[in-house]
Amino acid sequence: MIAAFALLAGLVGGLFLHPTAPGWLEPYLPIAVVAALDAVFGAVRARFEGIFDDKVFVVSFVSNVLVAALVVYLGDNLGVGGQLSTAVVVVLGIRIFSNAAAIRRRLFRA
Amino acid sequence: MTSSLPPPARTAAGGRSFRIIGVVLLALLGFALAVSVRTNRGPAGLATARQEDLVRILDDLDSRAGRLRSQVSDLQQSRDRLTGAQGNQAALDESRQRAAQLGVLAGTLPAQGPGIVLTIDDPRQQVRADVLVDTIQELRDAGAEVIDLSGVRLGVDSYVVDRGSGLQVDGKTLTTPYRFTALGDPATMAQALKIPGGIVDSVAERPGAKASITSSTHLEVRSLRPLPTHKYARSAPS
Numbered sequence: 175m176i177a178a179f180a181l182l183a184g185l186v187g188g189l190f191l192h193p194t195a196p197g198w199l200e201p202y203l204p205i206a207v208v209a210a211l212d213a214v215f216g217a218v219r220a221r222f223e224g225i226f227d228d229k230v231f232v233v234s235f236v237s238n239v240l241v242a243a244l245v246v247y248l249g250d251n252l253g254v255g256g257q258l259s260t261a262v263v264v265v266l267g268i269r270i271f272s273n274a275a276a277i278r279r280r281l282f283r284a
Numbered sequence: 002m003t004s005s006l007p008p009p010a011r012t013a014a015g016g017r018s019f020r021i022i023g024v025v026l027l028a029l030l031g032f033a034l035a036v037s038v039r040t041n042r043g044p045a046g047l048a049t050a051r052q053e054d055l056v057r058i059l060d061d062l063d064s065r066a067g068r069l070r071s072q073v074s075d076l077q078q079s080r081d082r083l084t085g086a087q088g089n090q091a092a093l094d095e096s097r098q099r100a101a102q103l104g105v106l107a108g109t110l111p112a113q114g115p116g117i118v119l120t121i122d123d124p125r126q127q128v129r130a131d132v133l134v135d136t137i138q139e140l141r142d143a144g145a146e147v148i149d150l151s152g153v154r155l156g157v158d159s160y161v162v163d164r165g166s167g168l169q170v171d172g173k174t175l176t177t178p179y180r181f182t183a184l185g186d187p188a189t190m191a192q193a194l195k196i197p198g199g200i201v202d203s204v205a206e207r208p209g210a211k212a213s214i215t216s217s218t219h220l221e222v223r224s225l226r227p228l229p230t231h232k233y234a235r236s237a238p239s
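Chains as they are written, first to last, in the numbering used here: chain W, 175 to 284; chain G, 2 to 239.
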């Protein structure tokens, strides 16, 4: 409950404060957001399966974001930034979908 | 992983701090989500484009700019050509006017204007070439711009010689009466010829010879000289 409120508060703050991301961060922000979403979906799935742990969530969240950003940064420096960011988004998207499928199974038993 | 080995005290203390961090992270995620969505909707999304995309876009723009630049220079050239046409017309008019003036001067074009007609009647052939040369000189001094002698247009290289049969001007044999048609100020030329000891007097000294002058406000000289072709002299850049 608190987590959902925190997410909502962040969204509202971001929408109303009109912040702009600093230049060096801008290319990595979308990737980091997708990676964080993956961690959030994993956490929701763990909550439904009864194995949620705050520490695991925090560590997976931070490491997901950092690894995604690092991979894209590396790709940019290697000259394959576009392809690697696509790869990261695809992998994270697959994970998000499988987590969402698990959540669905738990929720609707289908 | 940690959930498989739960020491109660640690879980409570560590769990709380991690929970707080987790909530903060979620708030941060919401914030970042909003920021990236906003940034993506920004102008053309160039700020978030990655370097190689930017390079490609820049290349595209460069080649497009090159094409447009060459178009611009093409159009400028044709514009200059078209606006230059008016200047050309002015230059052409000026050249035509100049050619007409020079043609009158050189005797290659017919001329008209006020002037006098000097007729030297000399049935006994007493008037020699020097009188005619003096007459030409006198007319030029008096400001004659075009002179015609019995159908021969006089130019800078005209000559008058005595032949046994009579006088020749520029190779053409003259018969009396000799008839000068000179374009210029009639009064000045008539006065120059009539002064005491002048042409009219010196002609009258010859037996049987007589000179008469008729002024006119409109005379035409239709005789022409061939265009001189220079063998050695060439125009030099001015």
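A few of these clues could be false.
[As the list claims (entries may be wrong)] Pairwise CB distance ranges, derived in the manner of DEER restraints:
| # | chain 1 | residue 1 | chain 2 | residue 2 | range |
| --- | --- | --- | --- | --- | --- |
| 1 | G | Asp63 | W | Leu189 | 35 to 45 Å |
| 2 | G | Arg68 | W | Leu281 | 18 to 28 Å |
| 3 | W | Gly187 | G | Gln77 | 48 to 58 Å |
| 4 | W | Leu240 | G | Gln72 | 47 to 57 Å |
| 5 | W | Ala274 | G | Arg68 | 23 to 33 Å |
| 6 | G | Val25 | W | Gly224 | 21 to 31 Å |
| 7 | W | Ser237 | G | Arg68 | 45 to 55 Å |
| 8 | G | Leu62 | W | Phe179 | 40 to 50 Å |
| 9 | W | Gly253 | G | Val38 | 21 to 31 Å |
| 10 | G | Leu62 | W | Leu240 | 31 to 41 Å |
[What the hints assert, rightly or not] Derived coverage of chain W by chain G (criterion: at least 3 residues anywhere in the stretch with Cβ under 8 Å from a Cβ of chain G; other residues may be distant):
| # | region |
| --- | --- |
| 11 | 179-188 |
| 12 | 204-211 |
| 13 | 274-283 |
What the hints contain is simulated information worked out from the structure, not anything from laboratory work. Model, not experiment: these values are computed from the prediction. Where is the CB? At the ideal position from N, CA and C, for every residue including glycine.
List of violated hint numbers, smallest to largest: Hint check: 2, 5 and 13 fail, others pass.
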